Amino acid sequence: MGDDVIVCRCEEVTAGEVRAAIRAGARTIAAIKKRTRAGMGLCGGRTCARLLARLLAEETGLPVAEIAPPPSRPPVRPVPVAALAEEE
Amino acid sequence: MANVVIIGAGIVGCALAARLAENGVKVTLIDQAEVVAGASGANLSLVLWSDAEPGVSLTMTRRAWDELPAEVADLEARTGLDLEFRRIHTLSLVLEGMDPRAALAGGAHLTEAGFQTELIDPAAVHALEPAVDLGGVQAAVYQEQAAINPFYFTLAWADRARVAGASIVTGRRVTGFRMDGERIVGLETAGSGEPVGGDLYVLAAGAWTRALALTAGIDLPEYHIIGEACVTEALPPLLHGLVGEAGDNRVPFELELAARGGDGSDLRLAEFAAIQTMSGNLVVGQVSHGGPGSGPDGRQGNRPAVRPGALRDLATGLVQRLPAARSASVIRAWAKPVPFTPDHQPIIGRVASRPNLFIASGLKSALIITPLLSKLIVEAVIDGDLGSLRPFSPGRFPQGGFEELRPGG
Numbered sequence: 001m002g003d004d005v006i007v008c009r010c011e012e013v014t015a016g017e018v019r020a021a022i023r024a025g026a027r028t029i030a031a032i033k034k035r036t037r038a039g040m041g042l043c044g045g046r047t048c049a050r051l052l053a054r055l056l057a058e059e060t061g062l063p064v065a066e067i068a069p070p071p072s073r074p075p076v077r078p079v080p081v082a083a084l085a086e087e088e
Numbered sequence: 089m090a091n092v093v094i095i096g097a098g099i100v101g102c103a104l105a106a107r108l109a110e111n112g113v114k115v116t117l118i119d120q121a122e123v124v125a126g127a128s129g130a131n132l133s134l135v136l137w138s139d140a141e142p143g144v145s146l147t148m149t150r151r152a153w154d155e156l157p158a159e160v161a162d163l164e165a166r167t168g169l170d171l172e173f174r175r176i177h178t179l180s181l182v183l184e185g186m187d188p189r190a191a192l193a194g195g196a197h198l199t200e201a202g203f204q205t206e207l208i209d210p211a212a213v214h215a216l217e218p219a220v221d222l223g224g225v226q227a228a229v230y231q232e233q234a235a236i237n238p239f240y241f242t243l244a245w246a247d248r249a250r251v252a253g254a255s256i257v258t259g260r261r262v263t264g265f266r267m268d269g270e271r272i273v274g275l276e277t278a279g280s281g282e283p284v285g286g287d288l289y290v291l292a293a294g295a296w297t298r299a300l301a302l303t304a305g306i307d308l309p310e311y312h313i314i315g316e317a318c319v320t321e322a323l324p325p326l327l328h329g330l331v332g333e334a335g336d337n338r339v340p341f342e343l344e345l346a347a348r349g350g351d352g353s354d355l356r357l358a359e360f361a362a363i364q365t366m367s368g369n370l371v372v373g374q375v376s377h378g379g380p381g382s383g384p385d386g387r388q389g390n391r392p393a394v395r396p397g398a399l400r401d402l403a404t405g406l407v408q409r410l411p412a413a414r415s416a417s418v419i420r421a422w423a424k425p426v427p428f429t430p431d432h433q434p435i436i437g438r439v440a441s442r443p444n445l446f447i448a449s450g451l452k453s454a455l456i457i458t459p460l461l462s463k464l465i466v467e468a469v470i471d472g473d474l475g476s477l478r479p480f481s482p483g484r485f486p487q488g489g490f491e492e493l494r495p496g497g
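The listed protein sequences derive, respectively, from chains A and B.
Under my numbering, the residues of the first sequence are numbered 1 to 88, in order.
Under my numbering, the residues of the second sequence are numbered 89 to 497, in order.
To be clear, the hints were calculated from the coordinates, so they are not data collected in a lab.
A portion of the hints provided could be inaccurate.
[To be verified] Calculated Cβ distances over 12 Å to all of chain B for the following chain A residues: (1) G2; (2) D3; (3) D4; (4) V5; (5) T14; (6) G16; (7) R19; (8) R50; (9) L51; (10) R54; (11) A57; (12) E58; (13) E59; (14) G61; (15) P63; (16) V64.
[As the list claims (entries may be wrong)] Computed beta-carbon distance windows for the label pairs: (17) B:R189 / A:E59: 37 to 45 Å; (18) B:E200 / A:E58: 56 to 64 Å; (19) B:R478 / A:L62: 40 to 48 Å; (20) A:G61 / B:S476: 44 to 52 Å; (21) B:T199 / A:S72: 41 to 49 Å; (22) B:G368 / A:E59: 45 to 53 Å; (23) B:P411 / A:R77: 19 to 27 Å; (24) A:V79 / B:A211: 28 to 36 Å; (25) B:T263 / A:G61: 24 to 32 Å; (26) A:R23 / B:R484: 53 to 61 Å.
Since the structure is predicted, the reported quantities are computational estimates derived from the model, not experimental observations.
Where a beta carbon is used, it is the ideal one built from N, C-alpha and C, also for glycine.
Please construct the entire structure, taking both the sequences and the accompanying hints into account.
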């Protein structure tokens, strides 16, 4: 995959930016996310997590199976504020 | 000081690693997860001087605040990262039933130190934050403070440490210290890897500090709350600064938790505060509670879950104060252990009976103070003298608050 390919559409993060994060020490999807914002958008990383795992495997030589999935954070899917709030 | 091991890659550990390595010290920084995985990144991104006293002294906070723009510019120049540092106002809304004069009087010591703290009326609040609903608001405490991206701020220190030659080991959990009498001779870690050891061990593990110090036979009075907050999708500009509510309920909450030895899953505090990041997301805080993991068996607090009810309380506060956000989506929430000490001062220094253990933890408002504090800590480590950091020494705690456990005890 070329460096200019967008891997996270929500936050418009390219494969090159992810590779740079890995070169700077990121060894997990969570670490890539903190540096690049990949996975921090509306979809919560559902689209890009696989691609991030693949890039991590390619760059570090780790088997894909050993790469932990990103931590799942509630509410898991976007939920409107009004649906969560308790209103009078 | 040939070889220093730092436990915890939060902002304190990363800044210390950078400054020690730049002073020619061989540094290994080790973290159970990744850089900025704990409380350093799980916050409202605020650079607050208003946490001074309780918190570190006004003199030190004033100096840290004055030096911060240059420190940030230096970090950005060295790393090429944009830390999103910006001046913002913080508004603490004074609700009906509260005495506005009392809300302001709580900041008298800040005014004396030259920090601008003033009461403004609802019309002035509206002028500053037109999207804020003023229902029940009789005034607000206005302060000029700042915000920064806490991930990038911490990562920049980590980058700087790496460039200076520090070795950063992530994904390896320290489970304890290996002792030979009073001396630490190595680290016990989960999983495999090269043994990690050094001449001096700096414990900068935030909420995990207490549990790790216990393995060296030291019981530090450092506890933690679990803080819960949530983030919305990116929105057009709605908020210009921080909007929260006046009234310091946090200090009594933490004192009660400390009085219980850190154990208090039934203790809960909901305080509304919201800020919009440079990316447009609203960060909404905070519900705090104690937990079974707050006690000496603090490991249980490792990965707390967001509790039922937290999202409801956060969303309810947001809709009430910022009605325009009602149709926005909440996209994630977190629950993170955040350390505190009973006197709200950090714990910094060597433990008398453990000659090669140095504690650097328990900061109340770490983002503002770390650039300065790390400089002073590195001087202390190199000179072997705490100097102006003496008030934070672990030796300040009276018998019973701080005790050395017998080996094996």
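Here is what the structure says about each hint:
{"no.": "1", "hint": "G2", "in the structure": "holds (22 Å)"}
{"no.": "2", "hint": "D3", "in the structure": "holds (17 Å)"}
{"no.": "3", "hint": "D4", "in the structure": "holds (19 Å)"}
{"no.": "4", "hint": "V5", "in the structure": "holds (22 Å)"}
{"no.": "5", "hint": "T14", "in the structure": "holds (16 Å)"}
{"no.": "6", "hint": "G16", "in the structure": "holds (14 Å)"}
{"no.": "7", "hint": "R19", "in the structure": "holds (16 Å)"}
{"no.": "8", "hint": "R50", "in the structure": "holds (19 Å)"}
{"no.": "9", "hint": "L51", "in the structure": "holds (19 Å)"}
{"no.": "10", "hint": "R54", "in the structure": "holds (19 Å)"}
{"no.": "11", "hint": "A57", "in the structure": "holds (15 Å)"}
{"no.": "12", "hint": "E58", "in the structure": "holds (18 Å)"}
{"no.": "13", "hint": "E59", "in the structure": "holds (15 Å)"}
{"no.": "14", "hint": "G61", "in the structure": "holds (15 Å)"}
{"no.": "15", "hint": "P63", "in the structure": "holds (15 Å)"}
{"no.": "16", "hint": "V64", "in the structure": "holds (16 Å)"}
{"no.": "17", "hint": "B:R189 / A:E59: 37 to 45 Å", "in the structure": "violated (59 Å)"}
{"no.": "18", "hint": "B:E200 / A:E58: 56 to 64 Å", "in the structure": "holds (58 Å)"}
{"no.": "19", "hint": "B:R478 / A:L62: 40 to 48 Å", "in the structure": "holds (46 Å)"}
{"no.": "20", "hint": "A:G61 / B:S476: 44 to 52 Å", "in the structure": "holds (47 Å)"}
{"no.": "21", "hint": "B:T199 / A:S72: 41 to 49 Å", "in the structure": "holds (46 Å)"}
{"no.": "22", "hint": "B:G368 / A:E59: 45 to 53 Å", "in the structure": "violated (30 Å)"}
{"no.": "23", "hint": "B:P411 / A:R77: 19 to 27 Å", "in the structure": "holds (23 Å)"}
{"no.": "24", "hint": "A:V79 / B:A211: 28 to 36 Å", "in the structure": "holds (35 Å)"}
{"no.": "25", "hint": "B:T263 / A:G61: 24 to 32 Å", "in the structure": "holds (27 Å)"}
{"no.": "26", "hint": "A:R23 / B:R484: 53 to 61 Å", "in the structure": "violated (43 Å)"}
Checked against the numbered hints given earlier, this structure breaks hints 17, 22, 26; the rest are met.
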